[in-house]
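J.: The chain contents come next:
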Amino acid sequence: MTSLDFSTTLGNSWFPSPVFTASGCASSGRELAQFFALHDIGGVVTKSVMNKARTGRQTPRMAETPSGMLNSIGLQGPGIDAFIAVDIPYLIEQRARIIVSIAGETIEEYSTLARKLRGVAGISAVEVNISCPNVENRGLVFACDSDASKRVIDGVRRTIGGELPIIAKLSPDVTDLISIARGVVDAGADALALINTVLGMVINLETMRPHLGGKTGGLSGPAIRPIAVRAVYQVHEALPAVPILGMGGISSGRDALEFIAAGASAVSIGTASFGNPTALLTIQRELRELLVAKGFVSLRDAVGCAHRDQDAH
Amino acid sequence: MTSLDFSTTLGNSWFPSPVFTASGCASSGRELAQFFALHDIGGVVTKSVMNKARTGRQTPRMAETPSGMLNSIGLQGPGIDAFIAVDIPYLIEQRARIIVSIAGETIEEYSTLARKLRGVAGISAVEVNISCPNVENRGLVFACDSDASKRVIDGVRRTIGGELPIIAKLSPDVTDLISIARGVVDAGADALALINTVLGMVINLETMRPHLGGKTGGLSGPAIRPIAVRAVYQVHEALPAVPILGMGGISSGRDALEFIAAGASAVSIGTASFGNPTALLTIQRELRELLVAKGFVSLRDAVGCAHRDQDAH
Amino acid sequence: MGKINTNAAQINATLISNKRIGQYQQLIINIGDLANDCKPGNFVAISVGGESSRMVLRRAFAISRTSMSATFGGTMELIVAPHGQGSRWLCEQGEGALLDVVVPLGTAFGIPTEPVEALLVGGGYGSAPLFGLAEVLKARGCRVDMLLGASTGSKIYAPMEGKRAVNSLRIYTEDGSMGQMGRVTDAIPNLIADLDVAVIYSCGPMPMLAAINAITSKSDVVHQAAVEEAMACGIGICMTCVVPVADSTGAISMLRSCIDGPVMDGALVQWDKVGRVL
Amino acid sequence: MGKINTNAAQINATLISNKRIGQYQQLIINIGDLANDCKPGNFVAISVGGESSRMVLRRAFAISRTSMSATFGGTMELIVAPHGQGSRWLCEQGEGALLDVVVPLGTAFGIPTEPVEALLVGGGYGSAPLFGLAEVLKARGCRVDMLLGASTGSKIYAPMEGKRAVNSLRIYTEDGSMGQMGRVTDAIPNLIADLDVAVIYSCGPMPMLAAINAITSKSDVVHQAAVEEAMACGIGICMTCVVPVADSTGAISMLRSCIDGPVMDGALVQWDKVGRVL
Ligand SMILES: Cc1cc2nc3c(=O)[nH]c(=O)nc-3n(C[C@H](O)[C@H](O)[C@H](O)COP(=O)(O)OP(=O)(O)OC[C@H]3O[C@@H](n4cnc5c(N)ncnc54)[C@H](O)[C@@H]3O)c2cc1C
Ligand SMILES: Cc1cc2nc3c(=O)[nH]c(=O)nc-3n(C[C@H](O)[C@H](O)[C@H](O)COP(=O)(O)OP(=O)(O)OC[C@H]3O[C@@H](n4cnc5c(N)ncnc54)[C@H](O)[C@@H]3O)c2cc1C
Ligand SMILES: Cc1cc2nc3c(=O)[nH]c(=O)nc-3n(C[C@H](O)[C@H](O)[C@H](O)COP(=O)(O)O)c2cc1C
Ligand SMILES: Cc1cc2nc3c(=O)[nH]c(=O)nc-3n(C[C@H](O)[C@H](O)[C@H](O)COP(=O)(O)O)c2cc1C
Ligand code: FES
Ligand code: FES
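Chains as they are written, first to last, in this note's numbering: chain G, 1 to 313; chain W, 1001 to 1313; chain U, 2001 to 2278; chain L, 3001 to 3278.
Derived from the structure by calculation, the hints contain no laboratory data. Possibly wrong hints are sitting among the right ones.
Short derived list, chain L residues pointing at chain U, Cβ under 8 Å [claimed, not checked]:
hint, residue
1, R3020
2, E3051
3, Q3085
4, S3087
5, C3091
Keep in mind it's a predicted model, so treat the numbers as computed, not measured. Ideal Cβ positions, reconstructed from N, Cα and C, are used throughout, including at glycine.
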């Protein structure tokens, strides 16, 4: 057991474990900390933060669906200044590895966020959420437009400098994921986060109207896992050198291993934490045990292995 | 109960019930006929047929996933000539309403299929499957390219003449579903079928390779229902005059009603029949009862009702 | 009203008893010493559907009462309405079943330091936590009166033992099948005046809570309301369960009802903005 | 080998008994008069996981035996290996549980019109349908010998009663923990010669069936194999369960193992093309 090298890297940041929280599914860490030490997992990806404080969408903000759920939060949050003042110090105090997720409504807003984060010590990476389908400006999801995606990442890269790894988080709701991925990597992303939620809707049969206050919402949970594994596999095939933070419906070590085999260097756990506050620890333990049982000496050897040994099948 | 008008129309074809089979999930009807009379449901949408006989993909062709499944059949089928000679007469004998689904690898193949179907009596509509992600030529899914989609439908429309309704079946795996929908309607489609399966993958953790023989497969079942309802809602909002055949994870009358409320004029039942051979009858009965319980006097009044009464919520 | 119930723990708890009461199911669950940490107003979040369930989220239920017995140790009681698939599954579990429970969660009803007149108003299963609360208030020397309402008599939950803790209990049903025909709110204005009520504790559907607040806002009566918004996580990490609440400066923010609630100061909740964009 | 088992019906059937046998679970299910329509080789498709299950597909199991009793009417026996979540759920069901079953499905083993020498070869739970088959063959006056193989002894299913119907039974395990160490196929060539075998009936993992066919293809022995491909529907509507089979003209097509199988003419199955594109 102890001989497994379970560590991973995204860009030039090192993590002792490849199991992270997912943005928006751990708030800023504080609430999960009563169930386990934040230091004991790979990293905490914080809720996407915008420049200003935001109250978000009207309720209902959730609907459970078969093996999944829809959410429509609308990026409620304190704004970057309060986040830096309050949440970062807390996470540093907990000795958590911190990945800050940022979201903006304009390309400038992303750059502004990057500028504010630039001087902040103790951050391992910035995840740039260009794919949230819930922002007010519907029809204008950056991640659905290769050009806009590139410009966001380019702006963040220029502002933040060369040090901090940038993880571009993409949406699966596109015709050609690989070209979007290639674009953001060319623009300076060190890694990719795949996948954000899939756009969905539930009709409330009492009111006969869309159930969510925001009408549509993002589908997450095990229901979307096959879509996420496919996305990771396709992108890793096209861009094998680019590390991927894989996510979408992971709720066991076996699920996590599917992502690793498909090409993810690390995984984020979102919806599973809602059903089970200690899901991260369980998944982390199971993944480690599975890798050992399968004879891997390092996590790195397992990354993308589903693409190799074309004859083994 | 008896006062409900349960009938529906797609283009100029009338159906006594809005509950149909889904293409590829009922073969040519014969196998379901031992569980119920094909005449008793709205219509039978047959497995997409190509010009020549096809053996399809290697096994494994399926993987169960949380609340869904992946399939990778590769359009195995007898070819259009055998289909017309053997299956159509059988379905006519059963007094089924017949919707023939066609699939091609080239725009010409679709036109050829249309030409062969043109003279065949007893068909209620042609569903043009331009969205199957399983065809050999990957990267070339017609439904992911607005221009190619339009050309397929245009070819079919010209060849088949103005009589037979054409239902264009679209894929959800696109950035801008509405523009694809608009394109095929402009090209002559009378109705739209939404949605085909979502591209997915499962990794087999024994072999550490993609589980399906064809690597990727199409995700269907309740897992994708929120995606399908969203697609129907969005397209109906943009094109309220175009009838929609809705599908994706319907397994109860309540599920079917969600699609109707979102804007579908009829629904197809696919994966649910695998789990329950009499699913169509149950869903049809439940949908009828629900409509009556909610005070509708006709199915038509319920179509798209989730878009109306903006204040009711 | 505080931040994060630090007593919360995730445990596998045994269902000790499961009995039908009217249209509800009374569940007694063994939670050991955690029972000592549960206060009236707190809730629990339970996994439903078992290993191969398509339900990925926990279900929230108010803790109706807790007790410590020699036979079972600490137990808690829940009153569950079979509503959808998750609560139905729970109601069908047999004695001895193991349940994955996170408990206790959320804020508790504030208990006055002085013996005052308290009016407890419950709608449907909302009465469940009020009986435990009544006992605590009674022990503090408060006068406790109770109003329960529901659409019909079988949805009134009012156990015999519970009634002992209250000075008076009035029941209202919309169909008149039990108690008086009408709504609990009909009686409140007079009761406030007659009994010199200092605080109203309420638990039930949001429209009922809003209607109560419309009454208390015109008076000096404090209103402690246990709100109910759809919750995905129950532990503060998803931001789905928010309710618009003003702070002392009047600034309104969306507070999580699982952490800053379910018990909130009714006067600060922006009832007219619930379910709307701020 | 035919087309569509027209006897198939969907019923709610009661589980009468559920017993552990080695690493398997023996399920006895009441299927009433449908038991009369079940033939050795047929299978059933069962819904798993209950109402709120995330498992959307049925699971296929060979009918091991059927019987008619005065107490229960018609019953069938299944031998289930707890493999994944669906079969495990089934193995955990208690007596009295209602199961949603489609039965009987698929083709049956062809029974020779003459009394001939028959060799039955089973791998793992593949032996289940062979005992019922043995009884039928015996009644036709056939000599019936049986070879069972598995990785280990606890995976050999060979009930006492069943053994009565066979003239001889040899067991092979890969770890040598029961019977002889080795594989069933080791013994077949000699047995064919020694016993003058006319037909081999096989049921088990595909590689075993292929290995048997490699032997029979070099002889006159007829090989009736019960194949096993992953099935989504079990009733012929999904095309997932296909196996490459030649027709009399030599043309190969992908036949559905749920309708044109599970029992197929081993000589026509293209064993080397299983799992490959044609
Ligand atoms: C703080 C709190 C305390 C509660 N106390 C009780 C109680 O004591 N007794 C009781 O019977 N019920 C109580 N409820 C309501 C109970 O949580 C819901 O009835 C239950 O979640 C419904 O789940 P379901 O699977 O049966 O219904 P479904 O409609 O299938 O649920 C689908 C989803 O919506 C959510 N949901 C549906 N209705 C509600 C609701 N009213 N409130 C919150 N989420 C909902 C579910 O959690 C689930 O995620 C309480 C809710 C909250 C938030
Ligand atoms: C004709 C036939 C007869 C069978 N007879 C028996 C029997 O008598 N006893 C017995 O124990 N098992 C039998 N099996 C195998 C049994 O169907 C599988 O073990 C079972 O489906 C596994 O389901 P699961 O949920 O436990 O596993 P999972 O791996 O969770 O199943 C996932 C999916 O794959 C399918 N699947 C997995 N393994 C198999 C398999 N070996 N064959 C077909 N589909 C599979 C399942 O049906 C399900 O859809 C038979 C299979 C077939 C096709
Ligand atoms: C309630 C909720 C809120 C989310 N908020 C964010 C967010 O703020 N930023 C972001 O990039 N992704 C957000 N996501 C998406 C998740 O990070 C993740 O990509 C997705 O849920 C798939 O993973 P899962 O199935 O494990 O949840 C959110 C998801 C949920 C369910
Ligand atoms: C096994 C299988 C085969 C399918 N074959 C076809 C096909 O040939 N043509 C087609 O247009 N759609 C095909 N589909 C897609 C279905 O018609 C339907 O669009 C999809 O499965 C969503 O509906 P469902 O969730 O009810 O199954 C197939 C689906 C499955 C599961
Ligand atoms: S339910 Fe998740 S934050 Fe309250
Ligand atoms: S299992 Fe569906 S066709 Fe055989």
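J.: State for each hint whether it applies.
T.: Consistency of the hints with the structure:
Given hint, L/R3020 at the interface with chain U, is violated; its Cβ is 20 Å from that chain's nearest Cβ, farther than 8 Å. Because the beta carbon of L/E3051 sits about 7 Å from the nearest beta carbon in chain U, less than 8 Å, this interface hint is met. The criterion of a C-beta within 8 Å of any C-beta in chain U is met by L/Q3085, whose closest approach is roughly 5 Å, and the hint holds. With a least beta-carbon distance of about 11 Å to chain U, the hint placing L/S3087 at the interface is violated under the 8 Å criterion.
Contact between L/C3091 and chain U, as hinted, is not supported at the beta carbon level, the nearest pair being about 13 Å apart and thus beyond 8 Å.
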